[in-house]
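**Student:** The lines below spell out each chain.
Number of protein chains: 4
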Amino acid sequence: MAAKRPLNVGLVGCGFMGRTHSNAWGKVNQFFELEFQPVLKAVCARNPEEVQAFAEQWGYESTETDWRVLVAREDIDLIDIASPNDTHAEIATAAAAAGKMVTTEKPLARGGAESEQMVKAVDAAGVPNMVWYNYRRVPAVTLAKQLVDEGRLGKIFHYRAKFLQDWTISKDLPQGGTALWRLDVNVAGSGVTGDLLAHCIDTALWLNGDIDRVSAMTETFVKERHHNLTGKTEPVGIDDASAFLARFENGSLGTFEATRYARGHKALYTLEINGEHASIMWDLHDLHRLSYFDHGDEGRVRGWRSIHITDSDHPYMAHWWVPGLQIGYEHSFIHQAADFLTGLATGELVSPTFREALATDYVTDAVLKSATSEKWEMVKRA
Amino acid sequence: MAAKRPLNVGLVGCGFMGRTHSNAWGKVNQFFELEFQPVLKAVCARNPEEVQAFAEQWGYESTETDWRVLVAREDIDLIDIASPNDTHAEIATAAAAAGKMVTTEKPLARGGAESEQMVKAVDAAGVPNMVWYNYRRVPAVTLAKQLVDEGRLGKIFHYRAKFLQDWTISKDLPQGGTALWRLDVNVAGSGVTGDLLAHCIDTALWLNGDIDRVSAMTETFVKERHHNLTGKTEPVGIDDASAFLARFENGSLGTFEATRYARGHKALYTLEINGEHASIMWDLHDLHRLSYFDHGDEGRVRGWRSIHITDSDHPYMAHWWVPGLQIGYEHSFIHQAADFLTGLATGELVSPTFREALATDYVTDAVLKSATSEKWEMVKRA
Amino acid sequence: MAAKRPLNVGLVGCGFMGRTHSNAWGKVNQFFELEFQPVLKAVCARNPEEVQAFAEQWGYESTETDWRVLVAREDIDLIDIASPNDTHAEIATAAAAAGKMVTTEKPLARGGAESEQMVKAVDAAGVPNMVWYNYRRVPAVTLAKQLVDEGRLGKIFHYRAKFLQDWTISKDLPQGGTALWRLDVNVAGSGVTGDLLAHCIDTALWLNGDIDRVSAMTETFVKERHHNLTGKTEPVGIDDASAFLARFENGSLGTFEATRYARGHKALYTLEINGEHASIMWDLHDLHRLSYFDHGDEGRVRGWRSIHITDSDHPYMAHWWVPGLQIGYEHSFIHQAADFLTGLATGELVSPTFREALATDYVTDAVLKSATSEKWEMVKRA
Amino acid sequence: MAAKRPLNVGLVGCGFMGRTHSNAWGKVNQFFELEFQPVLKAVCARNPEEVQAFAEQWGYESTETDWRVLVAREDIDLIDIASPNDTHAEIATAAAAAGKMVTTEKPLARGGAESEQMVKAVDAAGVPNMVWYNYRRVPAVTLAKQLVDEGRLGKIFHYRAKFLQDWTISKDLPQGGTALWRLDVNVAGSGVTGDLLAHCIDTALWLNGDIDRVSAMTETFVKERHHNLTGKTEPVGIDDASAFLARFENGSLGTFEATRYARGHKALYTLEINGEHASIMWDLHDLHRLSYFDHGDEGRVRGWRSIHITDSDHPYMAHWWVPGLQIGYEHSFIHQAADFLTGLATGELVSPTFREALATDYVTDAVLKSATSEKWEMVKRA
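Chains as they are written, first to last, in this note's numbering: chain A, 1 to 382; chain P, 1 to 382; chain L, 1 to 382; chain E, 1 to 382.
Chain A with its partners taken away, still in its complex shape (with noise of 0.2 Å):
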């Protein structure tokens, strides 16, 4: 076996996210063979105790917590930005500029202004980039994505997608600070449309090509809520749920919505696609199964067939266990970190870019100016 190439990793960010990025990282190496072999050289957080709590548990060699001075060590490869949203932009921009790699947790950034920002950093210093829309890598997405590509489904008639939870239904829910951040739209950006539509539109793109136009409604149905920050009552300024039509330039209708006040649903994206030959459905609650009609089975025993993807000519899979064994959603990462390993060592950039994550925003942007002006509105190109 040669010996591995080090590639190494400074994160920034020590939550949910900064979790799955450093688990990924470190097992990767443990089911794919590749070439450069991630080394977990520093994490950036605020907190010294937290990050250093951190730092212990996933084996990461040193600390720091300011992200500046991890962007300046010589010693890194590759910033990886798993904080929150209204970070990206300022850390990735100098990263690049450091000559960095920079990788980000999605959304790109709080929308196509701040991410457009970004995308020029990283052309200009031509380092590789990536934006961690994970949902990609989960293996019946991918194998999705390989029978739209083969043409199996003919010509595409509807796209539909969903992102439904539930988890901020209750009135006494604060807003803001370090586990919140999600619900403070200076921080955040947006509310559902940024987080979870976010997903359901880059697999869109990815699987079924550009938008070119959305009518869409937002709703807020807290409008204020007790501020972690402030310790005040504020005004609520997220979209607790948001859905928009759509019109696909392959002429496909588009519909998509997502919220989290669907009560019983934890993360159930759901997504479906009916082509003239076929029909593809995939939900997250049960992410390891894929569900494929194919109109050109003998009609007596047509039926829609749930595929098991735990079999070693599904996407990934022969890496893991044995056939009937399943995984998990850790695992969507670990094979986005695999496929970017495989990129540095071919010089290919892997999908999504920062470009094709600012094709997302776009939309999002669309999404929420058509919620506004409650009309049509056009999806800019990245």
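To be clear, the hints were calculated from the coordinates, so they are not data collected in a lab.
Check the hints yourself; a few may be wrong.
Each pair may be met inside one copy or between any two copies, as identical chains are not told apart.
Said to hold, decoys possible - Pairs of lysine to aspartate or glutamate, EDC-like flavour, derived with a Cα cap of 20 Å:
id	residue 1	residue 2
1	Lys4	Glu61
2	Lys375	Glu219
3	Lys266	Asp172
4	Lys266	Glu224
5	Lys232	Glu61
6	Lys145	Asp210
7	Lys145	Glu356
8	Lys266	Asp286
9	Lys145	Asp313
10	Lys145	Glu298
11	Lys266	Glu50
12	Lys375	Asp212
13	Lys171	Glu234
14	Lys120	Glu356
15	Lys145	Glu234
16	Lys266	Glu330
17	Lys266	Asp311
18	Lys155	Glu219
With chain A held as given, fit chains P, L and E onto it using these hints.
**Tutor:** Positioned in the frame of chain A, the structure of chains P, L and E alone reads:
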């Protein structure tokens, strides 16, 4: 057992809906204890041989080939209209004027303008009237209504409904004529909006109250088809697919979609309601089940309940077989017939009346208008 | 349309099965084009008021309170037995001797000894005969039979069947009398073995051929119950639960189980067949679906197909509504009636005949014997 | 954070189970707060290159090619056996004699006789010991255990378990050697009985208590296969399929089945328990769900609950991601490692110990004996 009071039925139309109605009138007294007993007095259709065969098969005592003659017959109490949409208004208006009770297959007519005349006619005549929006009487849907009315869901946040089919994908399918009048805009009034979305809207208004306004898009995927009446290739005037965003009066958000281009789905009418305390899902492909999520359940064992609607405490089910044994599609019509006959005995109008069905037409009108105007449109109140 | 040939039916019994049979005879000609038309000539039951009410509800022309009188009537062509198991042999034997066609609800009788006499009687009289093992005519089950017969499954390795109910768990439920004769061993012959397992066995023999031998266990969980006829607490003679291992003649292994103590299941009859090339699953709680796995499908998109059995190329379904609209439990009886009437026209015996049903009794005999002997027991061949 | 106490692990075997164990030891401290920290000290396998590659991939500090050397090393605290069944007894006995803690992959050994020696050895040495029956630590199964222990099911009537696979149907599959030792009876001890049924039995004893006696059948569908070690076609000594009836000490009835000839199933381990008040179902193909039916629910809305086991009040799940995001197969090993390490800190033995696993071997012994004797066989108690 007291002697039954006969109700002499005169049916117009002997197609698909003529069969479902005949089956309902013929079977209802074997399963429900009712004061009234429908008598299949006469069936009317233009083709003498066809109507004769139909009468023999279903046990009608006589036939007519001109509905005006049927309406004029003194031995007919009720005119039941199961002919294409373009005939509803004229027949119903004449029947009401003749003092007959009138029931009609949905939609009430080809839009609000026609339907308003029908409402006026039955109001003026003071005759019992009802529209066959049969899905309200699927026991699972009726149970959903009970749960909503009991306040179990609490404040409603979301209402979702879809009606997906795939039978018109082929470009070789012609339009028009006896079998395919649903593709002929002059006869049908519209495509999936009046055919499929109307069902979704009727149930939604029943379960969730009025809709204030909508933003819609429609599409005609196949622009030209051979026309069975002209023998030529003609432009297709109907909408093949229709989707809309809605704002309900109660503050909840609605998303609706119908299409005949969803490969793999034959009659997949699905609905979901998300409330503060509980949620409900139902679909027509497994119509004997209701999914129910009760947030009040203890957390560790909380989950979506799949209620097999076959027990004697479920709506209508005490009249059928034993627990575990499911009923099907046709039974929804039998239930509606039973309710109608019960209403006759008690003197109460049975929902949905013409006026209530007019409310659905006003929503479909707004949907079609919005699809053209590309703006949000207000819904007229019935 | 040619005039129908009348078939005068005399029904014995007006309980649950009297209703399903009456519904079948009454509806069959509205959905199937048949040479014969059943005429509901007479219904017989001991209670005069009850039988009169039943006759009015279902449209029987006359009533009897003594089955011997019914059997002696010259205007009756067919005696249809829907009374408890202990009456089958005597009535069927007399009916055959009187030259009547005979159909009987399952099981044929209370075991092989009684059943053999019935087979002899119909053979001697040369009269058409049939047993109402209705589940063969659920379209999904009929499709399973077609797939097996076409050799699609290849060599069969496994056959599994269960019939799970939960309605006798309460110790307070009495035994015996009109409504609860199934708990009275003298009337029923056995418990779940003759009631529920008999269904499983009938289908198994039909789909997978003869069973050579069995090893069984039975259990009576509630040992004593109030008896409705004696008014006293009496030992319970029936088996509450019954399970057995089987070896089929074709080399496959069988596992069978039935119980009335499976909390949460009302009538969950499930079956599964695993063959070299394909497998099949079906369950009565979603009777309108068949699950089918075809190993010949391309690996990447191979999965269990959920076939929604509502299309016109599915068995019997062209006679019902339109694709996507499901039928229910009662339709299996209508299909069996249709097949019986078709058999009358063509002169062919329709399966399962008395002789075929005797084969099922021989299996249940062996099961009950094995449960007592605690040994493997050979199955007698019919 | 206090310094962790190191636990030096010496692993034997670097196949499928070597991977799952290594992953568990390596990952457990990133998700659980534990006093002990496993150190991957050494891995042992006969092939020097293979073991070296494995050590690099998983981060073992050293390698051995002779397990006796590994057992003799003073820097090893725990011998973890992941090599084929025929090696378990000798290694475990030696390890215990050397004062090492011992954990072994299931089954404990090739039957009760071997296993008894192992129990004696660990008892004599007084060393912590555990068998990797990992499925107990799938959170849904652990929740099932909680519900049973809380008495929610009431008196148990039925226990059902199956483990269905389809990977040995081809006659061309050889037996024996590194990859296929499970088909070599000398190495494996038995076929599906010791491999798959052992899992079913372990869970059953844990959830439902002791089994008194069994009646079994086994079958070897493919009688001869090429043997990788001899290079010749040899008789197949293992059972391809195995099924048995069981009577539990608590009066409930059990049905069990395992096979590698169930086309369409890869690792479909299913279990169901029916109690007086509630029932439970689970299957390995959707391991993150538990089905639960509570008869105490109000009748009208009673149904099987599909509990998505991803919430923080579900066993082990607070250690993973956020609600809605599922884990997979490998996590069951991580949970077992966490419990073992917790047990080390508290001084408690962690279930299943060698003695508890011996009880499973006694059941499989009785199953294999009954299949030969064709009689009910008593189960020896551990």
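**Student:** Now tell me if each hint is right for this structure.
**Tutor:** Each hint tested on the structure:
no., hint, verdict
1, Lys4 to Glu61, "both (18 Å within a copy, 17 Å between copies)"
2, Lys375 to Glu219, "both (16 Å within a copy, 18 Å between copies)"
3, Lys266 to Asp172, "within (19 Å within a copy, 42 Å between copies)"
4, Lys266 to Glu224, "neither (23 Å within a copy, 45 Å between copies)"
5, Lys232 to Glu61, "neither (40 Å within a copy, 55 Å between copies)"
6, Lys145 to Asp210, "within (15 Å within a copy, 40 Å between copies)"
7, Lys145 to Glu356, "within (16 Å within a copy, 45 Å between copies)"
8, Lys266 to Asp286, "both (12 Å within a copy, 17 Å between copies)"
9, Lys145 to Asp313, "within (15 Å within a copy, 32 Å between copies)"
10, Lys145 to Glu298, "between (24 Å within a copy, 17 Å between copies)"
11, Lys266 to Glu50, "neither (27 Å within a copy, 43 Å between copies)"
12, Lys375 to Asp212, "both (14 Å within a copy, 17 Å between copies)"
13, Lys171 to Glu234, "within (12 Å within a copy, 56 Å between copies)"
14, Lys120 to Glu356, "within (13 Å within a copy, 58 Å between copies)"
15, Lys145 to Glu234, "neither (43 Å within a copy, 37 Å between copies)"
16, Lys266 to Glu330, "within (16 Å within a copy, 23 Å between copies)"
17, Lys266 to Asp311, "between (27 Å within a copy, 9 Å between copies)"
18, Lys155 to Glu219, "between (34 Å within a copy, 15 Å between copies)"
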